[in-house]
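Residue 309 in UniProt numbering sits at position 309 of the sequence shown; the count goes up by one each step and never skips.
Just so you know, not all the hints are guaranteed correct.
Straight-line alpha carbon distances no greater than 25 Å define the calculated PhoX-like cross-link-like pairs of lysine-lysine that follow [what the hints assert, rightly or not]:
hint	residue 1	residue 2
1	Lys-92	Lys-235
2	Lys-54	Lys-40
3	Lys-104	Lys-115
4	Lys-298	Lys-88
5	Lys-298	Lys-78
6	Lys-200	Lys-293
7	Lys-88	Lys-78
8	Lys-327	Lys-338
9	Lys-200	Lys-338
10	Lys-54	Lys-68
11	Lys-104	Lys-92
12	Lys-88	Lys-68
13	Lys-87	Lys-68
14	Lys-102	Lys-115
15	Lys-298	Lys-327
16	Lys-293	Lys-319
17	Lys-104	Lys-94
18	Lys-94	Lys-298
19	Lys-327	Lys-235
20	Lys-298	Lys-200
21	Lys-240	Lys-200
22	Lys-103	Lys-113
23	Lys-102	Lys-92
24	Lys-80	Lys-94
25	Lys-253	Lys-240
26	Lys-200	Lys-232
27	Lys-200	Lys-319
28	Lys-231	Lys-200
29	Lys-105	Lys-94
30	Lys-293	Lys-231
Source of the hints: derived by calculation from the structure; they are not laboratory data.
Note that the structure is a prediction, hence the values are computed from the model and not measured.
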Amino acid sequence: MSRPDYTNDDRFDGLFLQIAHQTQGIEPLLDTLFSFLRRKSDFFSPPGGGDIEKGSEAAIAKVNEVVKKHADIYLAGKRKEEEERLKKLRLKQKREAEAEAKKKKAAAAAAEKSKEGNDGVIEMGDDGFDISSDEPASTPAAAKAAAAAVSEPKADAPPAAPKTEQNENDGKDDDKQEEEEEEEDNSPPPIGNGGTIDGKYVWTQTLQELTINVPLPENTRGRDLNVIISKKHLKIGFAKTKQEFIVNDDLTKPIIVDDSLWTIEDGNRLVLTLQKSNQMEWWDAPCQTDEPKINIQKVQPENSNLSDLDGETRQTVEKMMFDQRQKALGLPTADEQKKLDILEKFKASHPEMDFSNAKIN
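Model the full assembly from the supplied sequences, consistent with the hints where possible.
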């Protein structure tokens, strides 16, 4: 009987998530694992009771071997994702090129048809109809007959709909709706497939999970917080104060509580990972009253965890987090601070000017 493949075994995810929730960090989680191996197994013991140092070296070599194996699996997965992304991008570009070519072809055909339709032009002059065409009329009688045919309405033609104010308004509404849809189509995709809920948090998502980053005061610890995660509701507050909860709202959609967790990173950021119950749909916001909501038609099916984002997108999300933290503390955002720095430099270079009564926005 072959040995089971444990490299992608998810049977113990619930247990490890609980441990991760308690330890609140990668290094404490690893410390817990190796503490168990040191205390409850012979992992560090030398084989056959030999040299103690050789036993430790063998343990380190085994750990490096396992870590490298999983690093290789991770890199292979990332490469495959990148290949899939490029494949989808190329397919999208091909479809766009085909659509553009089809559009140009249709425009050329319409122009040709319009040109053919203008070969015979009927104009009303002072002396009556003037019919010009590539072939002149054979007789004056034929010209008169043609003019009469043009001036008389066809019996079978339905009467034109009367032009009313309602028709005009409907047309304007349709034009306005088309313009709005066009504007929406030109809007960029949401960063990390999420957004910013002003004064609360920055969030991103994948199909499987939602990640919420809440700015906190420096040196905040886990015991300082009161975080309650339930299937359809989320509460985030400080344990030792009677302040209102930072978040106290119904979730947009249900989650799997046992697979959801929270941790504090860098001592100033609460990170919640909420596992979606339905892992085949996108959320337009974490909580029901959150505004603004994102357009889920614009999301991109890529990894959206902060650690998985590309450098530029990650910098944007981190800037959003910084601005949220600054606003919570009553301090200027990054852009506001940049303007203040420019102003201070201007003041320093013009000491002869008095800014004491200046009103600067």
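Going through the hints against the structure:
1. Between Lys-92 and Lys-235 the CA atoms are separated by roughly 41 Å; this puts the pair beyond 25 Å, and the hint is violated.
2. Only pairs whose Cα atoms come within 25 Å are accepted, and Lys-54 paired with Lys-40 is accepted, the gap being roughly 19 Å.
3. Pair hint Lys-104 plus Lys-115 holds up; C-alpha atoms about 16 Å apart against a cutoff of 25 Å.
4. Between Lys-298 and Lys-88 the alpha-carbon distance is near 15 Å, which keeps this suggested pair within the 25 Å criterion.
5. For a cut-off of 25 Å, the pair hint linking Lys-298 to Lys-78 stands: about 23 Å separates their Cα positions.
6. As the CA atoms of Lys-200 and Lys-293 are separated by approximately 14 Å, the hinted pair is consistent with the 25 Å bound.
7. Distance hint between Lys-88 and Lys-78 is fulfilled; the C-alpha atoms sit about 15 Å from each other, no more than 25 Å.
8. Between Lys-327 and Lys-338, the direct Cα distance comes to roughly 15 Å. Compliance with the 25 Å bound is thereby established for this hinted pair.
9. Between Lys-200 and Lys-338 the CA atoms are separated by roughly 23 Å; this keeps the pair inside 25 Å, and the hint holds.
10. Proposed proximity of Lys-54 and Lys-68 is supported: the alpha carbons are some 21 Å apart, at most 25 Å.
11. Between Lys-104 and Lys-92 the alpha-carbon distance is near 18 Å, which keeps this suggested pair within the 25 Å criterion.
12. A threshold of 25 Å between alpha carbons decides the hint, and for Lys-88 with Lys-68 the separation of about 30 Å lies outside it, so the pair is violated.
13. Of the supplied pair hints, the one linking Lys-87 and Lys-68 is violated, its CA atoms being roughly 28 Å apart against a limit of 25 Å.
14. Straight-line distance between C-alpha atoms of Lys-102 and Lys-115 comes to about 20 Å, which keeps the hinted pair within the 25 Å bound.
15. Distance restraint check for Lys-298 and Lys-327: the Cα-Cα separation of roughly 28 Å exceeds the 25 Å cut-off, and the hinted pair is therefore not satisfied.
16. For a cut-off of 25 Å, the pair hint linking Lys-293 to Lys-319 stands: about 20 Å separates their Cα positions.
17. Annotation: proposed proximity of Lys-104 to Lys-94 holds, straight-line Cα distance about 15 Å (limit 25 Å).
18. Restraint check: the Cα-Cα separation between Lys-94 and Lys-298 comes to about 19 Å, which is no more than 25 Å; the hinted pair holds.
19. With a CA separation close to 21 Å, the supplied pair Lys-327 and Lys-235 stays within the 25 Å bound.
20. For a cut-off of 25 Å, the pair hint linking Lys-298 to Lys-200 stands: about 23 Å separates their Cα positions.
21. About 19 Å separates the Cα atoms of Lys-240 and Lys-200, which keeps this hinted pair within 25 Å; it holds.
22. Restraint check: the Cα-Cα separation between Lys-103 and Lys-113 comes to about 15 Å, which is no more than 25 Å; the hinted pair holds.
23. Simply put, Lys-102 and Lys-92 have alpha-carbon atoms about 15 Å apart, close enough for the 25 Å limit, and the pair holds.
24. A hinted pair counts as satisfied when its Cα atoms are at most 25 Å apart, and Lys-80 with Lys-94 qualifies at roughly 21 Å.
25. Under the criterion of a C-alpha separation no larger than 25 Å, the hint pairing Lys-253 with Lys-240 is inconsistent with the structure, at around 30 Å.
26. Restraint check for Lys-200 and Lys-232: satisfied, since their Cα atoms lie roughly 18 Å apart, inside the 25 Å limit.
27. Distance check on the hinted pair: Lys-200 and Lys-319 sit about 14 Å apart at the alpha-carbon level, within 25 Å; holds.
28. Between Lys-231 and Lys-200, the direct Cα distance comes to roughly 20 Å. Compliance with the 25 Å bound is thereby established for this hinted pair.
29. For the suggested pair Lys-105 and Lys-94, the alpha carbons sit about 16 Å apart, so the restraint of at most 25 Å is met.
30. For a cut-off of 25 Å, the pair hint linking Lys-293 to Lys-231 stands: about 21 Å separates their Cα positions.
Consistency with the previously given hints fails for numbers 1, 12, 13, 15, 25, ordered from lowest to highest.
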